[in-house]
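These protein sequence lines map, in sequence, to chains A and B. Under our numbering, the residue at position 43 of the first sequence is numbered 43, and the numbers go up by one with no gaps. Under our numbering, the residue at position 206 of the second sequence is numbered 206, and the numbers go up by one with no gaps.
Worth flagging that the hints you see were computed from the coordinates, not collected in a lab. Keep in mind that the hints are not guaranteed to be accurate.
To be verified - Derived, one-sided and incomplete: chain B residues facing chain A with beta-carbon distance under 10 Å:
no.	residue
1	Ala-79
2	Glu-83
3	Met-112
To be verified - The calculated lysine-lysine pairs, modelled on BS3-like cross-linking and capped at a C-alpha distance of 25 Å, are:
no.	chain 1	residue 1	chain 2	residue 2
4	B	Lys-4	B	Lys-55
5	B	Lys-4	A	Lys-204
6	B	Lys-147	A	Lys-193
7	A	Lys-76	A	Lys-104
8	B	Lys-55	A	Lys-11
9	A	Lys-162	A	Lys-193
10	B	Lys-147	A	Lys-174
11	A	Lys-252	A	Lys-213
12	A	Lys-174	A	Lys-104
13	A	Lys-162	B	Lys-138
14	A	Lys-174	A	Lys-11
15	A	Lys-32	A	Lys-193
16	B	Lys-192	B	Lys-138
17	A	Lys-32	A	Lys-11
18	A	Lys-33	A	Lys-248
19	A	Lys-204	A	Lys-193
20	A	Lys-101	A	Lys-165
21	B	Lys-167	A	Lys-193
Idealized CB from N, CA, C, for every residue including glycine.
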Amino acid sequence: MGIVIAVISGKGGVGKTTATANLGLGIALNDKKCVVVDFDIGQRNLDMILGLENRVVYDIVQVMDGEANLKQALIKSKVNDNLHFLAASQTKDKSVLESTKVEKLIAELKESFDFVILDAPAGIESGYEHTIEFADAAIIIVNPEVSSIRDADRAIGILDSKSAKVKAGEDVAKYLIINRIVADMVESGEMLKSDDILEILNIKLLGKVPEDKGVIDASNQGKPVILDKKSIAGQAYKRITGRLCGEKVDMKDIEVSDAGLFKRLTGMFR
Amino acid sequence: MKSKQYSVKIYEVNITDEVEFMEFFDNNYTLFKDHLIVIKGNFPSTIKTYLEKKKLSYLHNVSLPKGRNRKALEEELKAEHREIAVSAQMAQNEVERLSSRLHNNLTVLDEMIRSGREIDIQGDLLLLNRVNSGATIKTTGNLIITKVVEGSIRCLGNFMMLTASPKANIVFNGVEVDNNLLENRLNRVELKNNEIIITPVLKKEINWAL
């Protein structure tokens, strides 16, 4: 039996889909069977970021409606055999999702994978609610800025009230990834510190991902940045997926810039 | 200021006959040598030299605090007791009045109020956690929040206790409270004669590192 993790953010454009792709691939690279599911019905992106857009034949709505079986719809990654992908429908919209069908699909995925990663749509509408409803855990992606934090806070609030696990009296595990950190800006006080974010959201920190220009190119090419050994964001996702797979990986302090350290050192000799 | 307090024996006298006075003092010198002599009225220079020669301490024409007799003291003590009893009763009444107001539907919450939540309380609320941006707290009674507020507050009670919350939007009995006035660690906000009064309960923390 696998674990179901919903990747949520509340606000759009914070890097949810990119994170999902990298988490999925990172878990697969750790020799765990993993499936990433795009729940953003009507606006699918995950296929592109994984470089699998030309392989999509059947989508999640067709599987739920019985037009195709799960085996037909699952797409194996070109990069790693452990990673599978289930695409969202691009033609339908979020209203087609139904709780019973979602529950059945997730139960089926849980049978054959160690990790089931659900990429939630932005916002807090029904599509979001269906994504989190049957999740065992949630990974919340935020950017170090107030609007992202507030939207994430709202999304966590809904998670805590609408999740099936919470309704059964259990806790949904919640983990935070702070994405797109610019060390210089944190140091100068323009960007929120991770300690402040953690105090507001009050959930466990899973990892911090620095801003990295390579991410955009990686997405455009369909090769998640985790494959790039030199990329600092890729390294961050490596550490995060290591933690998810039970390794003990220390938190790297990416909020101190190397330039800042250099400046400080030269300042000492002046 | 350095001060000491003494109890002294005082012999107060009116001089009519200088010779008689000196004779009397010669006879009773041992008795008077530790007294403070206070001369009232006429103070002839002969007496003055006499007292100085005898090394007696003296004062001329001073008003002395009058001692009270035992009966007067007892009366005073009784009155004091009565006063204490009355003020104790008043304090007791005040506590009862306040606590009946407090215990009237007091809700205690210890959970983070996340964005989008609206807590509507009939009565008083004691909240032991944060109120995040985008959340709203409404009470018909008094409100005490021990952690920082970044959301909205609508309080209709007699008082609020709030920490410094520069991002909060606070409306107290229909009047918006200026957050800049909540500058202390804990502030009491109350309505007195249609005026909002903010008093510090815990002062700002001192940063010794600075």
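Cross-check of the supplied hints:
1. Ala-79: violated (58 Å)
2. Glu-83: violated (52 Å)
3. Met-112: holds (5 Å)
4. B:Lys-4 x B:Lys-55: The hint holds at about 23 Å.
5. B:Lys-4 x A:Lys-204: violated (65 Å)
6. B:Lys-147 x A:Lys-193: This hinted pair holds, its Cα atoms lying about 19 Å apart.
7. A:Lys-76 x A:Lys-104: holds (21 Å)
8. B:Lys-55 x A:Lys-11: Violated, at about 97 Å.
9. A:Lys-162 x A:Lys-193: Outside the cut-off at roughly 30 Å; violated.
10. B:Lys-147 x A:Lys-174: Status holds; Cα separation ~22 Å.
11. A:Lys-252 x A:Lys-213: Holds. Lys-252 of chain A to Lys-213 of chain A sits at ~19 Å (cutoff 25 Å).
12. A:Lys-174 x A:Lys-104: Measuring from Cα to Cα gives roughly 23 Å; hence the hint holds.
13. A:Lys-162 x B:Lys-138: holds (23 Å)
14. A:Lys-174 x A:Lys-11: holds (17 Å)
15. A:Lys-32 x A:Lys-193: violated (33 Å)
16. B:Lys-192 x B:Lys-138: holds (21 Å)
17. A:Lys-32 x A:Lys-11: Given that 25 Å is the threshold and the Cα spacing comes to 30 Å, the pair is violated.
18. A:Lys-33 x A:Lys-248: holds (20 Å)
19. A:Lys-204 x A:Lys-193: holds (15 Å)
20. A:Lys-101 x A:Lys-165: Holds, at about 17 Å.
21. B:Lys-167 x A:Lys-193: The given pair, whose Cα atoms are some 17 Å apart, holds under the 25 Å limit.
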